[in-house]
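Residue numbers (the numbering used here), protein chains in the order written: chain A, 1 to 392; chain B, 1 to 392; chain C, 1 to 392; chain D, 1 to 392.
In short, the hints are calculated from the structure, not lab data. By construction, the Cβ of each residue, glycine as well, lies at the ideal position given by its N, Cα and C atoms. Keep in mind that the hints are not guaranteed to be accurate.
According to the in silico footprint, chain B covers these stretches of chain A (three or more CB under 8 Å from chain B) [to be verified]:
1) 243 to 251
2) 262 to 272
If you want the ones that stay clear, here's a sample from chain C, every Cβ over 10 Å from chain D, calculated [stated by the list, open to error]:
3) G64
4) K137
5) G163
6) M225
7) D232
8) K257
9) V265
10) N269
11) R276
12) S287
13) G312
14) W387
Number of protein chains: 4
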Amino acid sequence: MTIEAHEAGSNFRRIPYGMVGGGEGAFIGAVHRIAARIDDRFELVAGALSSEAERSKRSGQAIGIAAARCYRSYQEMAQQEAARPNGIEAVVIVTPNYLHVPIAKAFLEVGIHVICDKPLAAHLAETGGLTELVKAKSCLFAVTYNYSGYPLIRHAREVITNGELGKIRVVQAEYPQDWLSEKLEDTGQKQASWRTDPNQAGGGGCLGDIGTHAFHLACFVSGLMPVSLLADLNSFVDGRQLDDNVHVLLRFEGGAKGMLWASQVAPGNENGLRLRIYGDKAGLSWSQENPNYLTFSPLGEPSHVLGRGGPGLTSAAERVTRIPPGHPEGYLEGFATIYREVADAIEAKHNGKDQPDDVMFPDLEAGLQGMRFVDAVLRSHKNGGVWTSLNS
Amino acid sequence: MTIEAHEAGSNFRRIPYGMVGGGEGAFIGAVHRIAARIDDRFELVAGALSSEAERSKRSGQAIGIAAARCYRSYQEMAQQEAARPNGIEAVVIVTPNYLHVPIAKAFLEVGIHVICDKPLAAHLAETGGLTELVKAKSCLFAVTYNYSGYPLIRHAREVITNGELGKIRVVQAEYPQDWLSEKLEDTGQKQASWRTDPNQAGGGGCLGDIGTHAFHLACFVSGLMPVSLLADLNSFVDGRQLDDNVHVLLRFEGGAKGMLWASQVAPGNENGLRLRIYGDKAGLSWSQENPNYLTFSPLGEPSHVLGRGGPGLTSAAERVTRIPPGHPEGYLEGFATIYREVADAIEAKHNGKDQPDDVMFPDLEAGLQGMRFVDAVLRSHKNGGVWTSLNS
Amino acid sequence: MTIEAHEAGSNFRRIPYGMVGGGEGAFIGAVHRIAARIDDRFELVAGALSSEAERSKRSGQAIGIAAARCYRSYQEMAQQEAARPNGIEAVVIVTPNYLHVPIAKAFLEVGIHVICDKPLAAHLAETGGLTELVKAKSCLFAVTYNYSGYPLIRHAREVITNGELGKIRVVQAEYPQDWLSEKLEDTGQKQASWRTDPNQAGGGGCLGDIGTHAFHLACFVSGLMPVSLLADLNSFVDGRQLDDNVHVLLRFEGGAKGMLWASQVAPGNENGLRLRIYGDKAGLSWSQENPNYLTFSPLGEPSHVLGRGGPGLTSAAERVTRIPPGHPEGYLEGFATIYREVADAIEAKHNGKDQPDDVMFPDLEAGLQGMRFVDAVLRSHKNGGVWTSLNS
Amino acid sequence: MTIEAHEAGSNFRRIPYGMVGGGEGAFIGAVHRIAARIDDRFELVAGALSSEAERSKRSGQAIGIAAARCYRSYQEMAQQEAARPNGIEAVVIVTPNYLHVPIAKAFLEVGIHVICDKPLAAHLAETGGLTELVKAKSCLFAVTYNYSGYPLIRHAREVITNGELGKIRVVQAEYPQDWLSEKLEDTGQKQASWRTDPNQAGGGGCLGDIGTHAFHLACFVSGLMPVSLLADLNSFVDGRQLDDNVHVLLRFEGGAKGMLWASQVAPGNENGLRLRIYGDKAGLSWSQENPNYLTFSPLGEPSHVLGRGGPGLTSAAERVTRIPPGHPEGYLEGFATIYREVADAIEAKHNGKDQPDDVMFPDLEAGLQGMRFVDAVLRSHKNGGVWTSLNS
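Pulled out of the complex, with its shape left as it was, chain A reads as follows (with noise of 0.2 Å):
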């Protein structure tokens, strides 16, 4: 267990960040804030947390950001902060996508690392450059699929990479979910309103909501990347523009199959991210709603139910355990994960040492294979449901 990490070390400081969206009425922004205070590494001094600079204002000050730094633009605050001498040294974003990508490049291009929710952008097409971009200014990007932050999924990572599942065969990833089941995007709602709108969340609704999510933790836990997928995607609430369902096949390298189901139409379902990987010598099976523990199952023997923090886990999963086996860590604390790790990424590189090994946190890359992973999706459905390649 590694409680307050920064305790070992032995200069404490906090690194000085800012935030773009999450003003008033926002929902993960203020997780955001919650995950980057858990570990106590950062430190929130600067804001452009609305579009609207009176509200900018009012949303930083009331979460304790300096009156002089509630900016009234994500381009102004870039300029300013950068201009600093005690400036900011990370943004993080968490407006609609389609503001991903400008605002990423703009804080980039001021040398400020930057930390994204997902998905990346709401078309692959807008992040052109990036990759050039962030390795031009040596900045960090770390894109918050922040499921990757549990402890059982490191586990589950760990011991796929260590061989124990053997050759992997199938993989079965499915995130339903069910409070868009009625068009909740005209009651004003929202978190409803931009997430259905393709003009704020690009081509892909669930899709890119909560599909990219459970395509980023399967690619990252079995170590495999899909060669080819076959979706079919609908819009089952009248009306709706964007899908609220989304089939898809896939088929990995080296041969494993999987399917990948997420919905936001499904109820009973809350938050059903879930994920099942089989291969030759065992298979695992892991829920978020009940994130604490994995079952692994060695073939020919009894199921093995693992607990966070509890015996038989890997150093991965250790050291992003906070508190004792049967102490619930939650979202929150899984998402705090991702800080930690950037944190660490960010002090190595302001003490001018190499990136500690064990960081994961999901990269500019992962970002991009998320957006990789929607436009086949798209590609596949436009085309009647077609095998696609994720890489033309």
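Dock chains B, C and D against the given chain A, drawing on the hints supplied.
Chains B, C and D alone, transformed into the frame defined by chain A:
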């Protein structure tokens, strides 16, 4: 609850039946015999339990069949039983798939009702003429898709029929097992041997053995038939001739979409048949390994956990419930329900009455639908994984 | 697995048996009859199913007993069956508790084996002379503590015997139900009426009905008997004469401690018999409502989930397993195992052989222990909740 | 949901606080610090983290406390902080039990609010004068029975207050762990050492450490206090001085009965706090290891599974819910809720307002009740396991 339902009746009798297949070393034959005994509506009096004469006799006597009615072949059995004054009224067919149709025809020809294990045949093409023959002989024909006998499955079907789920949008069916993760057929294990042999099992391996169960259950409960499907099959175990993993996308009449996964190479799964159906008003979830409970989730309300025999159940469930809530009924009882309903239908016919309304054992048409499913899956896969009509 | 265990035997026969009690409106009689049929080792040929002559005959014929063997009283049945050349070899007693002992004695006197429902008697004092009579007549006596027939319970007992839990420290047994949360006995419901009537049930209500089950299971599995106990009883429903909630502390031989809770007024509990046992090396947990699984937790290792029929099970479990893992066996199959073992014992006696080693149906001594438990609980409670020896 | 509840407020500020105990090698100190950060209402500015001066300084600086406010003793800290213009307003006490009261008194004397870990003291006798002192100084006093901060626990309490369970009959509380199954205290493990040492922990081992949690939760949710109890304690591990297994029977005011089991020697149990309460109208069940769900069972209806943040929850639960359903909140968030409520109370006092109605952090009286429970259990056990009044 209907404990020993015949008790209510005035005239007690046991229907005399015979069995083809199910001798020494077999598995499913004994299951059928227990199922037939549970409600005490049948009496086993004849058998051709093995294609080997001596073994047939020894197997038959060991389970109480008189020596004179242990036959050397199913043909002999059909002829002689039909000729007896008190011959069998029904035959149970529990052989490998490729023998199902010829045996069924032999008994139908002499007017004996048929209870046939699934799938109906090795190949769809073999089933020609069966419908006509059944009609001509005025016989009953049951296919033992036994999972449809579980009380909670009956309840699920009923609430969907009643409109409690609203318009169905998504059907997720899965049936993972792990017992063929290694090449068990090379060890001489009898169950594995014929199920992986195209000559005995037919075109589908895992597909025919358990995929058809998942398919039947999805259709039985949802009340929907797919119009087209798309399949990706695998034989993950080296040298295996038939599929051991089945991925299918389904497009149902009326616009619902579905996924079906069947696998016999998923370590940690014993017999994981699971069904989830979502409509615009509610969703439900059921798992065969804990079959006495069903989760019903009306949109916007907490999920309800319905227990067999407990409050909130429909009469369709109560009719096939034997014992009080919390006293688990299992696989054999669900199987026995199919037998009970066949008995009810035989008695009605025997007494010149109309078939009872509430009998819903899977009939010949259900068996044929299963074969059309197998056939469409094989065609889709052979063509590289393309959308394929069930009816072409 | 031992599907229809008699198949292995050379000489097939069904043991003729009769039943006292269990006529129209009864519940447990039909359960016994199904249990007796499942493995096809018994044949019901005689009955005194009701204390009312006409009803006895009607009930008997409705389930296939010849009119001549539907008796007006158990005394008549004992006499006439004993006198027949092919009379019954065993009697099943499924009456209210206060009749158990007189009926048992009537049949023992004429040399007929007894299978008696639990508890053995209404009061401990009634059981005097039974042990001697059973011995004198060389009869078998079984008490249907049916839950001890579950395969995972057999496994649990075996691993404790093998020392895999180490020295037992704590035994937690519980058996909550909710069906008597209201005054059901006032509605004329037959099951509720006699169970809450001291004249028919005896000194214990919930205590005798289900507390004895929990007690038997705790002792059967742990291999330990308590030396003293302390009880606090309640009749929460106004006007109810017998207890409906039972709290007991247990001090076992060897120093282990235990708690036993039985209740019939705990809403949401159907038939929640649950057992947890902890030693210095490992712990285990089992719940009757999902009886095919057992959690085994070796200290310092992840918990193992053992499934009936699956890997890691002892021969004691396999011997009473009928069907493969993942195909749930339920309450009736567990009950049937008691019948199968009684059949094995009867056949051994019939054939002049020694009793088989592996037969472990609950015998008269188990029934007497249950009555000593009831008696000690009642004495402890009457004295205000004080520590009370089981053997005084 | 109330993400970062202060956002709604007009004036943002963080309450300055200090900590006594919780230095290097400690566990619960870091938990308190994270809990204090989650809702961003507190700022750690002073500490006496170790009784060793150098270690105290090193530990303090490592977590961001200025060197000048890393004190050598709690006495020094109390005096100097009280004298500062912007000194701490609250102190968090996370030392072994025997130090709780003297430290609390030192800070209360100088008018600083106290947040004290449980149990309140090593022995009931130590707590004399606390109530008067708290009153005299007009200070707030919180005892971190953190499990009462879970949203579903708040909901459970609320529905019982609302009468939805009817008259309470049975309360079953349990809290098994396994981490002291062997003699861990001999290995030098710091947590085990002081918890098993009567000089540091007091009269109760497992009893004080976790038994008090179970007791508090049972009383907090049921709204009932026991009038008497009976206890049987054990020290199963050879040579251990304090209890490691606790069996208690409870008799509540109004006639309800209860059982409480706490154990640290039950292999397979990590942190198994579980509460079940049954009334004449409904029952409920909750388990800390999957804390986001509560089963609510109205008599005669199917059980409802209530999920944190989902439909059917009371405002008492919603008020302490941070993120949407299906995104699990865990132990740290529940703990943080206690901190949030203390912050609300401190702010109210700070601003001269009345204490908010909806604040329900465990106060001094809750801490005293816990000590009366410990004391009564020890007296009952010492007298051989007899019924003992809580108030004598």
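Okay, the hints, checked on the actual structure:
1. 243 to 251: holds (count 4)
2. 262 to 272: holds (count 6)
3. G64: Check passes; 36 Å lies beyond 10 Å.
4. K137: holds, 43 Å
5. G163: holds, 14 Å
6. M225: holds, 17 Å
7. D232: The assertion about D232 (chain C) is violated, with a minimum of 6 Å to chain D.
8. K257: violated, 6 Å
9. V265: violated, 6 Å
10. N269: Violated, because the least Cβ-Cβ distance between N269 (chain C) and chain D comes to about 7 Å, which does not exceed 10 Å.
11. R276: violated, 8 Å
12. S287: Fine: 13 Å to the nearest Cβ keeps S287 (chain C) off the interface.
13. G312: holds, 16 Å
14. W387: Incorrect as stated: the minimum Cβ-Cβ distance to chain D is 6 Å, not above 10 Å.
The structure fails hints 7, 8, 9, 10, 11, 14 (numbered hints given earlier, in ascending order).
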